[in-house]
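For this one, chain A is given, so just place chain B on it according to the hints.
Protein chains: 2
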Amino acid sequence: MRELKLSRAFTLIESGPVILVTTHDGRKDNIMTISWTMVLDFTPAFAIATGEWNHSFAALRKNRECVIAVPTVDLLDKVVGIGTCSGADTDKFAKFRLTPVQGKVVRAPLIRQCLANIECKVVDIVKKHNIVVLQAVAASIDAARREKRTVHAVGDGTFIVDGRRIDRRKMMASKLPYGV
Amino acid sequence: MRELKLSRAFTLIESGPVILVTTHDGRKDNIMTISWTMVLDFTPAFAIATGEWNHSFAALRKNRECVIAVPTVDLLDKVVGIGTCSGADTDKFAKFRLTPVQGKVVRAPLIRQCLANIECKVVDIVKKHNIVVLQAVAASIDAARREKRTVHAVGDGTFIVDGRRIDRRKMMASKLPYGV
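Chains as they are written, first to last, in the working numbering: chain A, 1 to 180; chain B, 1 to 180.
Source of the hints: derived by calculation from the structure; they are not laboratory data. It is possible that some hints are incorrect.
Taking lysine-lysine and the DSS-like style, the derived pairs with C-alpha atoms no more than 25 Å apart in a straight line are [said to hold, decoys possible]: (1) A/Lys104 x A/Lys121; (2) B/Lys148 x B/Lys78; (3) B/Lys175 x A/Lys95; (4) B/Lys128 x A/Lys128; (5) A/Lys5 x A/Lys170; (6) A/Lys175 x B/Lys127; (7) A/Lys121 x B/Lys128; (8) A/Lys95 x B/Lys170; (9) A/Lys170 x B/Lys95; (10) A/Lys104 x A/Lys62; (11) B/Lys62 x A/Lys128.
Okay, the calculated bits of chain A under chain B, using three or more residues with CB under 8 Å as the criterion [what the hints assert, rightly or not]: (12) 9-20; (13) 76-90; (14) 125-138; (15) 143-154; (16) 162-169.
The beta-carbon is built from N, C-alpha and C at its ideal position, and this holds for glycine as well.
Bound conformation, chain A alone (with noise of 0.2 Å):
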């Protein structure tokens, strides 16, 4: 994995794809599965809608810092059975082999095996909506990687891959940030 700008790394989650979500908890890792993310600034800032009802909410809470992994779709088993079972009885690592890698800035683990990570310090928790807003500190990205194409959960039990891309840059130029 090499280094990624951070003034990129907000279109690793712009898509809306589903991601990874991994935390240490002062005693061990953990990982959850979430779709619900969006972008709130290019430097960049990012929300994530959780709470009490996911383990990992408390160690988001106490350590205020995480790390948002982006899987690919030859990952999809993995990141199902993640969101299908529990950090308070299972180490998901260990059951889903995966490799936590150390990051630069944050306690919580990198995921070895996926397109991206970046490392977040948590911001603030709007308690009233369950919003955790998230600071990016860190990203790297694995370009080597021949499967780039991220899943897009729709919520009722289906996924949608990556298709094409179609390249508007040219009348997108007047709103594009600078570095992108």
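Using the frame of chain A, we list chain B on its own:
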């Protein structure tokens, strides 16, 4: 367009398509293009990230309602065009030849050409993070439409079209909300 059960409306947003948001400011209709959105719960509530930099924000804040319209790939150039001009000096319905349709609950118009339309009330504005919280109150879908593929903005001027769909309903059964 036929009515869509509100309990299914989140499935139109969860996968992260670029959407159009219409507003009515008491005098005229407007449309903006947004891809910073997420689902907050299954009722469904949604969050969108927007603020004073969007002309539509004043109408959202004042009239506290909008319509989320979900466009498909055949509408991409209209979607990009809408996102790169301003309602301050442009009648976007006229310019992009879109047809406003009266909704059931809110004053902001549905867009006839879109795959689906979700009427929403603004229930909160989290000013600190530029997050607008929406509650869906009615939804409709053009089920007869042939083109159903949505488009995902990467954020660098390129867009990813929906590819193939993978079914994991069996694996996900324990996690699916009632009514999906």
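Check the hint pairing lysine 175 of chain A with lysine 127 of chain B against an upper bound of 25 Å on the C-alpha distance. 23 Å, holds
For the pair supplied as a hint, lysine 128 of chain B and lysine 128 of chain A, is the alpha-carbon distance within the 25 Å limit? 14 Å, holds
Restraint status (C-alpha distance of lysine 95 of chain A to lysine 170 of chain B at most 25 Å): 20 Å, holds
Within 8 Å of chain B (C-beta), three or more residues of the stretch 9-20 of chain A: holds (count 6)
Is the straight-line distance between the alpha-carbon of lysine 104 of chain A and that of lysine 62 of chain A 25 Å or less? 20 Å, holds
For the pair supplied as a hint, lysine 104 of chain A and lysine 121 of chain A, confirm whether the alpha-carbon distance does not exceed 25 Å. 12 Å, holds
Given the hinted pair lysine 175 of chain B and lysine 95 of chain A, is their Cα-Cα distance within 25 Å? 19 Å, holds
Restraint status (C-alpha distance of lysine 5 of chain A to lysine 170 of chain A at most 25 Å): 22 Å, holds
Check the hint pairing lysine 62 of chain B with lysine 128 of chain A against an upper bound of 25 Å on the C-alpha distance. 22 Å, holds
Take the C-alpha atoms of lysine 121 of chain A and lysine 128 of chain B, compute the straight-line distance between them, and say whether it is at most 25 Å. 17 Å, holds
Can the stretch 162-169 of chain A be counted as covered by chain B under the rule of three residues or more with Cβ-Cβ separation shorter than 8 Å? That given contact holds, which follows from 8 residues of the stretch 162-169 of chain A lying within Cβ reach (below 8 Å) of chain B.
Would the pair lysine 170 of chain A and lysine 95 of chain B pass a check requiring their Cα atoms to be no farther apart than 25 Å? At roughly 20 Å apart (the allowed maximum being 25 Å), lysine 95 of chain B and lysine 170 of chain A satisfy the hint.
In terms of the numbered hints stated before, the structure departs from none.
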